[in-house]
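Respectively, the protein sequence lines represent chains A and B. Residue numbering for the first sequence follows our numbering, starting at 1 and increasing by one per position. Residue numbering for the second sequence follows our numbering, starting at 1001 and increasing by one per position.
A few of these clues could be false.
Now the in silico label distances, taken between C-beta atoms and shown as ranges [to be verified]:
#1 P1020(B) / I242(A): 51 to 61 angstroms
#2 Q160(A) / I1062(B): 22 to 32 angstroms
#3 G107(A) / N1044(B): 47 to 57 angstroms
#4 P1007(B) / P264(A): 45 to 55 angstroms
Heads up, incomplete: computed chain B residues facing chain A, CB under 10 angstroms, no partners named [as the list claims (entries may be wrong)]:
#5 C1071
#6 P1088
#7 H1146
#8 L1192
#9 L1196
Far from chain B, some chain A residues (derived; all Cβ distances over 10 angstroms) [what the hints assert, rightly or not]:
#10 P60
#11 V66
#12 W78
#13 M85
#14 V116
#15 T128
#16 A148
#17 Y209
#18 L218
#19 L251
#20 F258
No lab work stands behind these hints: they were computed from the structure. All C-beta atoms, glycine included, are put in the ideal place defined by N, C-alpha and C.
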Amino acid sequence: MLDLFAYDFMQRSLFAAAMVGGLCSLIGVFVVLRGLAFVGAGTSHAAFAGVTLGYLIGWPPLLLAVAFGVATVWITGWLEEQGRMKLDVSIGILYTATMALAIVFIGLMKTYNAEVYGYLFGSVLSVTGEELLLIGGLAALVLGLLIAFWKELLFIAFDQEMAEASGVPARQIFFLLLTLVALTVVVSLKTVGAILVFAMILIPASTAYQLTHSLTTLTLYSVIIGTATALTGVVVSTVWDIPSGPSIVLLATAVFFFSLVISPKKLRVSSGHLR
Amino acid sequence: MPGGSRPPIIRFDHASFGFPGVTALEDITLSIEAGEFVGVIGPNGSGKTTLCRAVLGLLAPIKGQLHIFDCACQELRCHHRAKIGYLPQKGVVDRDFPVTVFETVMMGRYGALGLFHRPGPEDRRIALESLALVAMERYKDTALGHLSGGQQQRVFIARALAQQPKVLLLDEPTTGLDLPMQHNVIELIQHLHETLRLTVLLITHDINMIRSRVDRLVLLKTRLHAAGPPADVLKPNILEQVYGKGLVISDKDLVIVEDYHHSH
């Protein structure tokens, strides 16, 4: 099995999986704490619509994925800010609308395009060197912004109105967070696919959330779980010849259920202190 | 105190607040001077929280003007906001949010620090001092969710103090607390007002708890019905006009108010 690691494609795949696993689980901390779980799902489907349009009109698919993803989260955030509707309602509408658009774009393609389906279901084993550079660049950008605005992101996740009242530009930071979620989704599309990227964002942070009351530890656990399950998932998918995206997500889900069993927080449920 | 020599720190000038078709507060003219302890009372839906949001600069007047620190509300910048320590209504805290008491208080420094600046030793010193002021320093490494409601309120007051504010704005700080804890929190607020010479704006339903402690009471029901020393505001005719018949006055010194909307 060790021979596998000598192949270029395997090294590229593992590198991409580690980057995507680490990044998704890092942004996932804020997604879980700020209650934006559904935004990840909506954004991934919007980004997929961008990919399909890119293949249809011959534009760079990831560029249009960024445009669709960012536009979707901004519209969602704006609607919530205006008090017009709750975030989960607006994202639900845009989620299905962009998926419908994606189906229309696929329908308009004259020929079957396997690459499009790679973005839907994920195919980390086929990541090219150029794609790896693009993923790395976007991941570095997202990571840099997360580090630069860490304290403000933490404050708005805890209480956005309080953050604004305390002099933090909370509204701008909230839109930055939405943008970072969209960029992370796009970075991850090729690796785990539009359908499963949501799980990569949500599951490691939710797992870590069960295990600690410290933000630093939660972040650390989330990144370790995200990266480890991504790497293990790629190896499992190669050895057992099963799709990589589902392998990663199923492994992460198994770890999540294990965390529920060992969670110190479950004690509060049994002792009747759960809110 | 009102009309004294101290400069107004908050000034409403015929200000109205609301949304298209809905006026939450109408034609408010009111000055709050530096160092005053003001209680804001009124039934549910009277505009108390709207007043709070306006002072925080989160809501601009649809008519008239509001000046905070001599700055028009619409032009209130982040550094102005950082000078208002705010304690929101209880009940919005996620028990499982992974944050310690010290980390919560440090958040009070973030607005003043500005973007791209990390908290330094001076910020940590201010946060620890703020915790000491509310007698919670020994809980600094405890998870916020592990504290009782009253202790959490103390931590949030410490967070507001860590902003080194000029104004302390408290929105129903005793809601959901048992009676001893209510007294405890109000006494703490009075102590902070006296020792730190803070301007305090306290929004509450509990007139009995604050009437002997505040310099002035402001009585709202969409409009400003009365403002002045408690004895001038807590008059049967004024209270009955605002609260309706759900009000019981046992004698001229003791006022027991059942919130009109709660009791009907």
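Status of the hints after comparison with the structure:
1. For the pair P1020(B) and I242(A), the supplied restraint of 51 to 61 angstroms holds, since their beta-carbon distance comes to about 56 angstroms.
2. Separation of Q160(A) from I1062(B) is about 23 angstroms and conforms to the stated range, judged on CB atoms against 22 to 32 angstroms.
3. Checked against the given bound of 47 to 57 angstroms, the beta carbons of G107(A) and N1044(B), roughly 55 angstroms apart, stay inside it.
4. Checked against the given bound of 45 to 55 angstroms, the beta carbons of P1007(B) and P264(A), roughly 53 angstroms apart, stay inside it.
5. Hint status for C1071(B): violated, given a least beta-carbon distance of 13 angstroms to chain A, over 10 angstroms.
6. The beta carbon of P1088(B) is positioned within 10 angstroms of a beta carbon in chain A (closest approach about 6 angstroms), and the interface hint is therefore held.
7. The criterion of a C-beta within 10 angstroms of any C-beta in chain A is met by H1146(B), whose closest approach is roughly 7 angstroms, and the hint holds.
8. Violation of the interface hint for L1192(B) is found here, the shortest Cβ-Cβ separation to chain A being roughly 17 angstroms, above the 10 angstroms cut-off.
9. The beta carbon of L1196(B) comes no nearer than 18 angstroms to any beta carbon in chain A, farther than 10 angstroms, and the hint placing it at the interface is violated.
10. Non-interface status of P60(A) relative to chain B is upheld: no Cβ of that chain comes within 10 angstroms, the nearest being about 32 angstroms off.
11. With a closest Cβ-Cβ approach of about 24 angstroms to chain B, V66(A) is found to remain outside the 10 angstroms limit, as its non-interface label requires.
12. Every CB of chain B lies more than 10 angstroms from the CB of W78(A), the least distance being 17 angstroms, so the non-interface label holds.
13. Its beta-carbon lying about 16 angstroms from the closest one in chain B, M85(A) satisfies the requirement of being farther than 10 angstroms from that chain.
14. The claim that V116(A) is not at the interface with chain B holds, since no C-beta of that chain comes within 10 angstroms of its own (minimum 39 angstroms).
15. Against the 10 angstroms criterion, T128(A) stays outside the reach of chain B, whose nearest CB is about 36 angstroms from its own CB.
16. Remark: the non-interface label on A148(A) conflicts with the geometry, its nearest Cβ contact in chain B lying 6 angstroms away (cut-off 10 angstroms).
17. Once the 10 angstroms rule is applied to beta carbons, Y209(A) is inconsistent with being away from chain B; the minimum gap is 7 angstroms.
18. For L218(A), the requirement that its beta carbon stay farther than 10 angstroms from each beta carbon of chain B is not met, with the minimum near 5 angstroms.
19. The Cβ of L251(A) lies farther than 10 angstroms from every Cβ of chain B, with a closest approach of about 24 angstroms, so its non-interface assignment holds.
20. No Cβ of chain B comes within 10 angstroms of the Cβ of F258(A); the nearest lies about 19 angstroms off, and the non-interface call holds.
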